[in-house]
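There are 2 protein chains.
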Amino acid sequence: MGSLDANSAALADDRAAPGSSFQPLNADDVRAYLHKAVDFISDYYANVESMAVLPNVKPGYLQEELKLSSPPNYSSPFEVTMKELRSAVVPGMTHWASPNFFAFFPSTNSAAAIAGDLIASAMNTVGFTWKAAPAATEMEVLALDWLAQLMRLPATFMTRSTGSEGARGTGGGVILGTTSEAMLVTLVAARDSALRRSGSNGVAGITRLTVYASDQTHSTFFKACRLAGFDPANIRSIPTGPEAHYSVSPEKLLEAMQADAEAGLVPTYVCATVGTTSSNAVDPVGAVADVAALFDAWVHVDAAYAGSACICPEFRHYLDGVERVDSISMSPHKWLLTCLDCTCLYVRDTQRLSDSLETNPEYLKNDVTDSGEVTDLKDMQVGVGRRFRGLKLWMVMRTYGTAKLQEHIRSDVAMAKMFEELVRADDRFEVVVPRNFALVCFRIKARGTMTEDDADEATRVLMENLNKTGKMYLAHTVVGGRFVLRFAVGSSLQEERHVRSSWELIKKTTSQLTD
Amino acid sequence: MGSLDANSAALADDRAAPGSSFQPLNADDVRAYLHKAVDFISDYYANVESMAVLPNVKPGYLQEELKLSSPPNYSSPFEVTMKELRSAVVPGMTHWASPNFFAFFPSTNSAAAIAGDLIASAMNTVGFTWKAAPAATEMEVLALDWLAQLMRLPATFMTRSTGSEGARGTGGGVILGTTSEAMLVTLVAARDSALRRSGSNGVAGITRLTVYASDQTHSTFFKACRLAGFDPANIRSIPTGPEAHYSVSPEKLLEAMQADAEAGLVPTYVCATVGTTSSNAVDPVGAVADVAALFDAWVHVDAAYAGSACICPEFRHYLDGVERVDSISMSPHKWLLTCLDCTCLYVRDTQRLSDSLETNPEYLKNDVTDSGEVTDLKDMQVGVGRRFRGLKLWMVMRTYGTAKLQEHIRSDVAMAKMFEELVRADDRFEVVVPRNFALVCFRIKARGTMTEDDADEATRVLMENLNKTGKMYLAHTVVGGRFVLRFAVGSSLQEERHVRSSWELIKKTTSQLTD
Chain E
48 MGSLDANSAA
58 LADDRAAPGS
68 SFQPLNADDV
78 RAYLHKAVDF
88 ISDYYANVES
98 MAVLPNVKPG
108 YLQEELKLSS
118 PPNYSSPFEV
128 TMKELRSAVV
138 PGMTHWASPN
148 FFAFFPSTNS
158 AAAIAGDLIA
168 SAMNTVGFTW
178 KAAPAATEME
188 VLALDWLAQL
198 MRLPATFMTR
208 STGSEGARGT
218 GGGVILGTTS
228 EAMLVTLVAA
238 RDSALRRSGS
248 NGVAGITRLT
258 VYASDQTHST
268 FFKACRLAGF
278 DPANIRSIPT
288 GPEAHYSVSP
298 EKLLEAMQAD
308 AEAGLVPTYV
318 CATVGTTSSN
328 AVDPVGAVAD
338 VAALFDAWVH
348 VDAAYAGSAC
358 ICPEFRHYLD
368 GVERVDSISM
378 SPHKWLLTCL
388 DCTCLYVRDT
398 QRLSDSLETN
408 PEYLKNDVTD
418 SGEVTDLKDM
428 QVGVGRRFRG
438 LKLWMVMRTY
448 GTAKLQEHIR
458 SDVAMAKMFE
468 ELVRADDRFE
478 VVVPRNFALV
488 CFRIKARGTM
498 TEDDADEATR
508 VLMENLNKTG
518 KMYLAHTVVG
528 GRFVLRFAVG
538 SSLQEERHVR
548 SSWELIKKTT
558 SQLTD
Chain W
48 MGSLDANSAA
58 LADDRAAPGS
68 SFQPLNADDV
78 RAYLHKAVDF
88 ISDYYANVES
98 MAVLPNVKPG
108 YLQEELKLSS
118 PPNYSSPFEV
128 TMKELRSAVV
138 PGMTHWASPN
148 FFAFFPSTNS
158 AAAIAGDLIA
168 SAMNTVGFTW
178 KAAPAATEME
188 VLALDWLAQL
198 MRLPATFMTR
208 STGSEGARGT
218 GGGVILGTTS
228 EAMLVTLVAA
238 RDSALRRSGS
248 NGVAGITRLT
258 VYASDQTHST
268 FFKACRLAGF
278 DPANIRSIPT
288 GPEAHYSVSP
298 EKLLEAMQAD
308 AEAGLVPTYV
318 CATVGTTSSN
328 AVDPVGAVAD
338 VAALFDAWVH
348 VDAAYAGSAC
358 ICPEFRHYLD
368 GVERVDSISM
378 SPHKWLLTCL
388 DCTCLYVRDT
398 QRLSDSLETN
408 PEYLKNDVTD
418 SGEVTDLKDM
428 QVGVGRRFRG
438 LKLWMVMRTY
448 GTAKLQEHIR
458 SDVAMAKMFE
468 ELVRADDRFE
478 VVVPRNFALV
488 CFRIKARGTM
498 TEDDADEATR
508 VLMENLNKTG
518 KMYLAHTVVG
528 GRFVLRFAVG
538 SSLQEERHVR
548 SSWELIKKTT
558 SQLTD
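Protein chains in written order, with my numbering: chain E, 48 to 562; chain W, 48 to 562.
Treat the hints as calculated values from the structure; they're not laboratory data. Errors might be hidden in some of the hints.
Here are the computed lysine to any residue pairs in the SDA-like style, where the Cα-Cα straight-line distance is at most 25 Å [to be verified]:
no.	chain 1	residue 1	chain 2	residue 2
1	W	105	E	469
2	E	412	W	298
3	E	130	E	99
4	W	518	E	414
5	W	492	W	473
It should be emphasised that the depicted structure is a prediction, and the values quoted were computed from it without experimental measurement.
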């Protein structure tokens, strides 16, 4: 850029461009490209309902569509890029934004969140320390405190108390990318604390540390444990069953921890889940905390999905006892209208996290950090660099307000309840576990000469046939050894009519199957 | 939404809204909010040059500005949110997008990248498996292969070879959030492999595993080692010095690894850096790989910043020997015009990663994964969920093309070279290490009665005075025990005039200091 003189010719290559006129943030381009992208998005939302939710493409399709196997040498008008996006990328998408998407958990979204994420991308701050991004750091803290208030978390998890004194407690939060990261950093903090407590020489004692979760806990917990170096043989998976709707039994947890302690092992960490991925089971948070306290073990609550529901008073009881746990994480990118990625981790004592995660290289040292008045959020996460994720979360709460957010949760729950009742009223199906939130787990019921295995197979074929239509997408799980369909309501464009038409399709496809 | 009937009254709370009309992705709102955000961004870029780069705010300022200590109950027009963004957030930003920003490394950006990130936010896919997001998975693979070609990485790091056969090799890539994650996942893979190799019973052998990096390596490496459970006592920091411009000595590395092996320890992992954060030192990749090979240790190359420069032939030699390493990561969010977060990790054998990182819960099982024809990218990263990050990276390469991207790197380097020459021509300063890329490390020179300590202090005061003006922001490091200023060229709005005016300010402020 500008007009560097002949000195620049010293650069080795004759394509050197000392008088470069390339301006990647040229004001006209920024405005034009982004307005084009916005129009694309508006059109996409308007049309996504009519697109096949699951695309009909084969592995390797994109390379064939796009032709170019190498990056182009020369620039093209942005319209060319957008054209390829429309013609090659969109037809190969699994449309999570489709109102006919009922798989996994919905990745809910909103105009305010997308706007916030867009502005964060443009400002592109790297907020490792307060000084490197004061507004981004403070906004993250503020948004986390607001969300904590929405969920009625105890003040011990907030950075600033809501009272008049404004004093900092020991607790606080941080926005991470995924629940896995929340598990990893708390596991590491608990691990280091247990090593110190048990007088380990360095990490030698790690072979004695044990961790606990129910067999319904998300598989990423076991991965996070392995990442943190726990011995796979020391990861206890507590069996659950239909009698307690697949929530963990405090008695069985106590037994397991007791047996380990008696064997000279060190119970270190318990993960309780509020709303498991498989069937939305809810572990009893308070009872788990009471058991863990006997062993001084860290308790983490994974409320990735259902934490959002707890902003409604009628669901808040699922978090009862949270005042006695060490940490809780929940993901607004699942059910609180905030696009990926946004996982909120709250800990009761931030010092325990930063003891394990703090780095203090010379190039990040600064007067504000030295003053001790601020928390540098890099010390509560895996890495150092970080996006301005607090902005979108704040924008969602600021724009929509508590009442609308509660209305959003209740509307999804009401639609799921309606669907559940439709399923229950049809004697070809059974609802496998009681619905707690907006997920309905159901399957074809074994009737007459049909064995349970036959019902499994029929349910599997039903799913495949449904998904092949392109008119809906739902995924499965296995609960109590049985193949079960997961109907997760809540995609942000979803309305009651989509739930009803999906139910009609399920009924029709089932009839074709059993006729 | 819709018109749920009286059944919904069964919900506990009288604020339940069965006939909800709240549409968070209402087409009109999406269009209106995003166009407002785009206009904000255009205005921001137009004006950021005149804003103080470092804001003059105190810890806690945002809460005071925004008044609301709790989330509002009711919704507000989006304009209210945007007004608070303008009035309260912007004045508290450290403006990484400012052309007067010279601190840390620039977080470069472009219109195409922001548009790509925006579309990813709107589509909001969760691409854990190929089936959950075919286009997102394939686009990520394609963008990584393109970038590998730009850097002339050997075909062993690519998912699809560039030849006609199109066969899959053992290598491949994945886009992660940060370099720390790239280090963590490769450390864990190397750890597990070394444990198996050394016949460890579970993780018992972890106390014998050792890892190596120069004392100039980013602090996040040591953090990643601790996250992965390596014993802090087994993390070897190889001393460097001015004689090799702070690059690691293969001889010293060999000595350290040899001594450990002789002591019965297991050399497991070496991290080499191409372009250290402190001073842009370059470790000799090939020589490090040769040493590590003697011990069967994993070699990772951290080219977070300087990897982008290697798309220019004249800088590619810094990666010589990369065909013999196990993994390399580089971050387009640093210097390749792609907004946060985007770190590209390439590994020679993806199986070694997925052996440690694979999860296979029932609810993610599907026919395409079972076919073995695809890589599910969740098995190469910390967590499970993942944004559609490949889109922005592809959009940058597709829109601008190789020549413009090279021009961008060369323009930054040329400006840094110009600045370096200005500094060298002023005998009040010294350039502390030779400039390799677009970072100039300099300080006030000890002259006359001024001791080196005096020069350190004068340099520190110079930095503080410069940063206080709001007219520029630069950060410091310590090299060879001396306080050094880091002048990092490359913020995407930067032109030669900004470099020149910053130099004038430095000269003037130095004169005031020494007068």
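Is the hinted pair residue 492 of chain W and residue 473 of chain W satisfied, with a Cα-Cα distance of at most 25 Å?
holds, 10 Å
Verify the proposed pairing of residue 130 of chain E with residue 99 of chain E, using a straight-line Cα cut of 25 Å.
holds, 20 Å
Hey, residue 105 of chain W versus residue 469 of chain E, does the alpha-carbon distance stay inside 25 Å?
violated, 57 Å
Can you confirm whether the C-alpha distance between residue 412 of chain E and residue 298 of chain W stays at or below 25 Å?
Judged against 25 Å, a Cα distance of about 32 Å means the pair is violated.
Check the hint pairing residue 518 of chain W with residue 414 of chain E against an upper bound of 25 Å on the C-alpha distance.
holds, 19 Å
Checked against the numbered hints above, the structure breaks hints 1, 2 and satisfies the rest.
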